[in-house]
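*Asks:* In the order they appear, the protein sequences are chains A and B. 188 is the number that my numbering gives to position 186 of the first sequence; each next residue is one higher, with no gaps. 187 is the number that my numbering gives to position 185 of the second sequence; each next residue is one higher, with no gaps.
No lab work stands behind these hints: they were computed from the structure. Don't take each hint at face value.
Note: identical chains are not told apart, hence a pair may lie in one copy or across any two.
[What the hints assert, rightly or not] EDC-like mimics (lysine to aspartate or glutamate), calculated; alpha carbons at most 20 Å apart, straight line:
id	residue 1	residue 2
1	K8	E18
2	K120	E196
3	K120	D205
4	K120	E201
5	K129	E147
6	K165	D396
7	K272	D417
8	K148	E97
9	K8	E54
10	K8	D149
11	K129	E97
12	K272	E97
13	K120	D81
Protein chains: 2
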Amino acid sequence: MSDHVKNASIVSIGNEVLSGRTIDTNAAHIGQQLRLIGVPVVSTHTVADRREAIARILALTASEADIVVVTGGLGPTDDDLTRQAFADYLGVELELRGELLAAIEALFQRRGWEMPLKNRIQACMPKGAGVLTNDWGTAPGICAEKDDTLFFALPGVPREMRKMLEASVLPRLRDFAQGQAVSVRRLQCYGAGESTIAEMLGDAMGRDRNPLVNCTAHAGVITLEIVAMAAGEPEAQAMVASEEGTLRGLLGTLVYGVDEQTLAEVVGLKLAQSGRTLAVAESCTGGLVAKFITDVPGASGYFTRGWTTYSNEAKVEELGVPEKLIETHGAVSAEVATAMAQGARQRAGADHAIGITGIAGPEGGTEQKPVGLVYISVDQADGTTTSRHVFSRDRSSIRLRAAQTSLNTLRLGIDG
Amino acid sequence: MSDHVKNASIVSIGNEVLSGRTIDTNAAHIGQQLRLIGVPVVSTHTVADRREAIARILALTASEADIVVVTGGLGPTDDDLTRQAFADYLGVELELRGELLAAIEALFQRRGWEMPLKNRIQACMPKGAGVLTNDWGTAPGICAEKDDTLFFALPGVPREMRKMLEASVLPRLRDFAQGQAVSVRRLQCYGAGESTIAEMLGDAMGRDRNPLVNCTAHAGVITLEIVAMAAGEPEAQAMVASEEGTLRGLLGTLVYGVDEQTLAEVVGLKLAQSGRTLAVAESCTGGLVAKFITDVPGASGYFTRGWTTYSNEAKVEELGVPEKLIETHGAVSAEVATAMAQGARQRAGADHAIGITGIAGPEGGTEQKPVGLVYISVDQADGTTTSRHVFSRDRSSIRLRAAQTSLNTLRLGIDG
Chain A
3 MSDHVKNASI
13 VSIGNEVLSG
23 RTIDTNAAHI
33 GQQLRLIGVP
43 VVSTHTVADR
53 REAIARILAL
63 TASEADIVVV
73 TGGLGPTDDD
83 LTRQAFADYL
93 GVELELRGEL
103 LAAIEALFQR
113 RGWEMPLKNR
123 IQACMPKGAG
133 VLTNDWGTAP
143 GICAEKDDTL
153 FFALPGVPRE
163 MRKMLEASVL
173 PRLRDFAQGQ
183 AVSVRRLQCY
193 GAGESTIAEM
203 LGDAMGRDRN
213 PLVNCTAHAG
223 VITLEIVAMA
233 AGEPEAQAMV
243 ASEEGTLRGL
253 LGTLVYGVDE
263 QTLAEVVGLK
273 LAQSGRTLAV
283 AESCTGGLVA
293 KFITDVPGAS
303 GYFTRGWTTY
313 SNEAKVEELG
323 VPEKLIETHG
333 AVSAEVATAM
343 AQGARQRAGA
353 DHAIGITGIA
363 GPEGGTEQKP
373 VGLVYISVDQ
383 ADGTTTSRHV
393 FSRDRSSIRL
403 RAAQTSLNTL
413 RLGIDG
Chain B
3 MSDHVKNASI
13 VSIGNEVLSG
23 RTIDTNAAHI
33 GQQLRLIGVP
43 VVSTHTVADR
53 REAIARILAL
63 TASEADIVVV
73 TGGLGPTDDD
83 LTRQAFADYL
93 GVELELRGEL
103 LAAIEALFQR
113 RGWEMPLKNR
123 IQACMPKGAG
133 VLTNDWGTAP
143 GICAEKDDTL
153 FFALPGVPRE
163 MRKMLEASVL
173 PRLRDFAQGQ
183 AVSVRRLQCY
193 GAGESTIAEM
203 LGDAMGRDRN
213 PLVNCTAHAG
223 VITLEIVAMA
233 AGEPEAQAMV
243 ASEEGTLRGL
253 LGTLVYGVDE
263 QTLAEVVGLK
273 LAQSGRTLAV
283 AESCTGGLVA
293 KFITDVPGAS
303 GYFTRGWTTY
313 SNEAKVEELG
323 VPEKLIETHG
333 AVSAEVATAM
343 AQGARQRAGA
353 DHAIGITGIA
363 GPEGGTEQKP
373 VGLVYISVDQ
383 ADGTTTSRHV
393 FSRDRSSIRL
403 RAAQTSLNTL
413 RLGIDG
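Turn these sequences into a full structure, and let the hints steer you where they fit.
*Replies:* Now the structure itself:
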């Protein structure tokens, strides 16, 4: 492969991972270490202890990556087949290396044991392949090059793998991948769906661009990840900054934060900065909004109290919602949401208050007031905003979206 | 492939998994579900959102598995390429299916939105491929057969994937893999750690037993999964029932529920059955207990109201906690937790009430009252139980464990 950004594939070998008995932490660790030196991972694979399957995956990864890191299958037992499969793929035989055998025998001697015959196989290498020294166990690693791809095979024992990766693999890759810097920034958006945002961005989301913009959606939050690659760090950062400016220009107030920020964090930051306080009154979300707000360390600086008024009596007694209002409009109505927010703000003596009432389901919906109907009200000194929403899917999604939307409404209200 | 045990490969598509941003829970879930119906997994793969890479991995998996389950890449944006790659691999074109387009348009209409143009692509299928209905989102799945291998492509959104796997994929595979019956039951435990429970169970947790008992821990809940295999369904079920009896005998009241039951569900069931009601007063958990309780459909039948009294004033004004008590003992004290529970029960006129106060951190700890210190009080007609806990790790874990422990205390209190 030529003058592009060097990338990698990761291969884990072993039945114990596939059977669900062991969680494969190796692949995650290797991926993290590679990304840190600017080598993106383009695929990961886990295959069984079968010689042909291993050889086949080596050939496949050679076609898509510049670097392949393999773990597992280097032990001394009959189901350790990575060595043989490597030889098959390289089209060579295994050969016994005298110096490796001596080193393994010495290791056993130091532990006061005789070397079992089975361990002889660990001194075998595909003809012509390089050795990666293992100072932490019996299995040496393998280094080989074919089809313009550089292969490293490491033991599956996490401790040995990590030590060898650090000592023998990463230093070589730092040279190999040098001259490329990666800069990443995430923009967090709320208030429009994935496809709407994609349409607003148009070409900015095209394939094979640099910077590249990836889009993912979770719980109504759309995350845009900007990834720029360049010869140097400052250049990559400048590319990300410029792209961020373009995206913000296109999306306006849909962008609420960066990196790992949640809506509750951004709202909390605004409240803390302005020295203002918040109270919440929840019905269908049942404490979820308060939970989100108090997830943020330091929330006690601006969040004073919240109510979960699940019954009508609670709405009347705790928040002073007029009984008549509930009788006339029903507990799920714009009028009651408004009265909840206003009552909460007044009782708490807070600057802002949220009121939420709705039908989270699965029961309780009618034709006029279906499951998913939620009224959200935000009350503050300059007035009250109450909005009507119909969220879809199940109880959990409806509650989640209602809570997030209330925080987003508050965010826009504080800004305004 | 011929008369052998049918096996499977799992393919996850998406840059967000490879970049380390998202943990791929899909592959683990699918693997578990396949193993439960007796289908071993021979390989798993994660590849980037690149059309050729996806097509290449489909060809590779066809050579090693009878069944291939693919997730991801069925969204509406330009980086969703599973449909196109499938068509490439099958050697056909994509075609727009009128009935799928109508269904997607109807879904948007129900939500009160216009369908963005981008979503049209989700109505496209490789020519000749079968459709897997998606009743939980906009992306239908794909079903196709080639090279004696059966392919299923599902959306990457975990919820949609799980529902479709259950509804459309597993039933077909159960027939395909028939001949072995598996019965599974989960016991949910709270109140002791994983190693304590393992010691209490002793031999029952040995390897290679049938039934096998797997143990996993999450948020303080220890899940014991009993898996029995036999020639017939009744035999496997009897084995599970017998093992369940043994485990329950050893663990007593540590077992709070079965299968997917949460503590809040079990507490809710007990309250609903006895016609009694519950109120909660939270400080450090900030709404999380109320959230857990109202996660359960029908919670309005027994849960009337909750308070998040984050400030001292709120504890005094809303719950009638004596100011003097806070001055003397501090807001984080057994006395204040007790007064919160009692105040909440009285104000709400409820049969049971929970009061929680503690230090979730990361700030606010002292030598005498460290981060993680939490007092939990449960008040009911026959008296008040208040307990002191020091939970470890971070803010999120401390809040989670405090909320769960309060529900567990209530569960044991209702029983008693």
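*Asks:* Hint by hint, note whether the structure agrees.
*Replies:* Hints versus structure:
1. K8 / E18: Result: close only across copies, 19 Å inter versus 31 Å intra.
2. K120 / E196: between (48 Å within a copy, 10 Å between copies)
3. K120 / D205: between (57 Å within a copy, 13 Å between copies)
4. K120 / E201: Answer is between: at 7 Å across copies they meet the 20 Å cutoff, but 56 Å inside does not.
5. K129 / E147: within (12 Å within a copy, 41 Å between copies)
6. K165 / D396: between (33 Å within a copy, 12 Å between copies)
7. K272 / D417: within (8 Å within a copy, 46 Å between copies)
8. K148 / E97: within (18 Å within a copy, 40 Å between copies)
9. K8 / E54: between (27 Å within a copy, 18 Å between copies)
10. K8 / D149: Answer is within; shortest intra-copy Cα gap is 14 Å, inter-copy 34 Å.
11. K129 / E97: within (6 Å within a copy, 51 Å between copies)
12. K272 / E97: neither (54 Å within a copy, 49 Å between copies)
13. K120 / D81: Cα proximity of K120 and D81: one copy only (12 Å, versus 49 Å across).
Hint 12 from the earlier list is the only one contradicted by this structure; the remaining hints agree with it.
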